[in-house]
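Could you put the whole structure together from the sequences, leaning on the hints where they help?
Following full-length UniProt numbering, the numbering of the sequence shown begins with 1 at its first residue and continues without gaps.
Be aware that a few hints might be false.
[Claimed, not checked] 27 Å max Cα-Cα, derived DSS-like pairs, lysine-lysine: (1) K210 - K187; (2) K184 - K68; (3) K184 - K223.
Treat the hints as calculated values from the structure; they're not laboratory data.
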Amino acid sequence: MKKNQSTPHGCEGREQFCLSNVPLFQSLTTEQMKKIYLLIHHKYYSQGETIYRPFETADSLYMLKSGKVRIYRLSDTGKEQLIRMVDQNEFTGELALFKKGIYEAFAQALTDCCVCAIKHEDFRELLLQYPKISIEMLSTISQRLGASEQQTTWATTETVRDRLLHFLISLVDSTQEEPIVELKMAKKDLASYLGTTSESLSRELARLEKDNIIKKVACGKIKLLALS
Numbered sequence: 001m002k003k004n005q006s007t008p009h010g011c012e013g014r015e016q017f018c019l020s021n022v023p024l025f026q027s028l029t030t031e032q033m034k035k036i037y038l039l040i041h042h043k044y045y046s047q048g049e050t051i052y053r054p055f056e057t058a059d060s061l062y063m064l065k066s067g068k069v070r071i072y073r074l075s076d077t078g079k080e081q082l083i084r085m086v087d088q089n090e091f092t093g094e095l096a097l098f099k100k101g102i103y104e105a106f107a108q109a110l111t112d113c114c115v116c117a118i119k120h121e122d123f124r125e126l127l128l129q130y131p132k133i134s135i136e137m138l139s140t141i142s143q144r145l146g147a148s149e150q151q152t153t154w155a156t157t158e159t160v161r162d163r164l165l166h167f168l169i170s171l172v173d174s175t176q177e178e179p180i181v182e183l184k185m186a187k188k189d190l191a192s193y194l195g196t197t198s199e200s201l202s203r204e205l206a207r208l209e210k211d212n213i214i215k216k217v218a219c220g221k222i223k224l225l226a227l228s
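Okay, here's the thing in structure tokens:
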């Protein structure tokens with residue numbers, strides 16, 4: 001789909017609104033953020049629009065000001081594999097940052113999205129000027145790599161039931177009194193992430209609840225009874 005070139009009200013704003021909530025830049029001063037803000041290109045994508053796709057030249061780092069983006073790949077047979085969701089104040093497009101290359105996945109706006117984009121060459125200069133940004137980025141990339149390896153292991157060695165249960169356990173916040181997790185993606189997206197179908201996922205959710213391992217406590221929220 002063709003990218004929307006207009007910038008609706010709300011996609012442009014004060015620099016601290018665009019950068020200060022992004023973990024990559026929280027170590028910087030206000031003056032430093034103002035300098036970086038001059039490098040920002042504001043873009044707007046309607047729900048369903050493609051931000052980038054495989055084989056397109058990778059030239060920018062995208063930071064999500066508002067909305068949600070899904071990153072996915074397609075197999076040779078056309079089967080979709082969800083890689084991750086990108087939420088507000090997170091970034092994508094970093095894999096080709098240190099080399100001139102192409103995007104290897106699809107990035108699609110799951111909702112209407114306001115995006116702050118920085119050209120790769122500009123961002124590389126920022127990494128040299130502000131090493132703390134490099135540290136934050138490496139931390140995030142390491143976490144994503146770990147999640148990707150875990151996802152691959154689940155898909156190749158475990159049943160759908162085990163994949164689902166391990167995924168739910170991975171969402172548990174140890175600081176909460178009760179092990180209640182929130183599914184922040186649609187069922188079809190969760191099924192794609194776990195390498196199964198929506199129908200199989202629904203069956204396993206029903207079985208886990210029947211076996212008193214989980215309990216639905218609200219829309220999109222599940223309590224893990226086995227951890228209570």
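Going down the list of hints, with the structure as the test:
{"no.": "1", "hint": "K210 - K187", "in the structure": "holds, 19 Å"}
{"no.": "2", "hint": "K184 - K68", "in the structure": "holds, 10 Å"}
{"no.": "3", "hint": "K184 - K223", "in the structure": "holds, 15 Å"}
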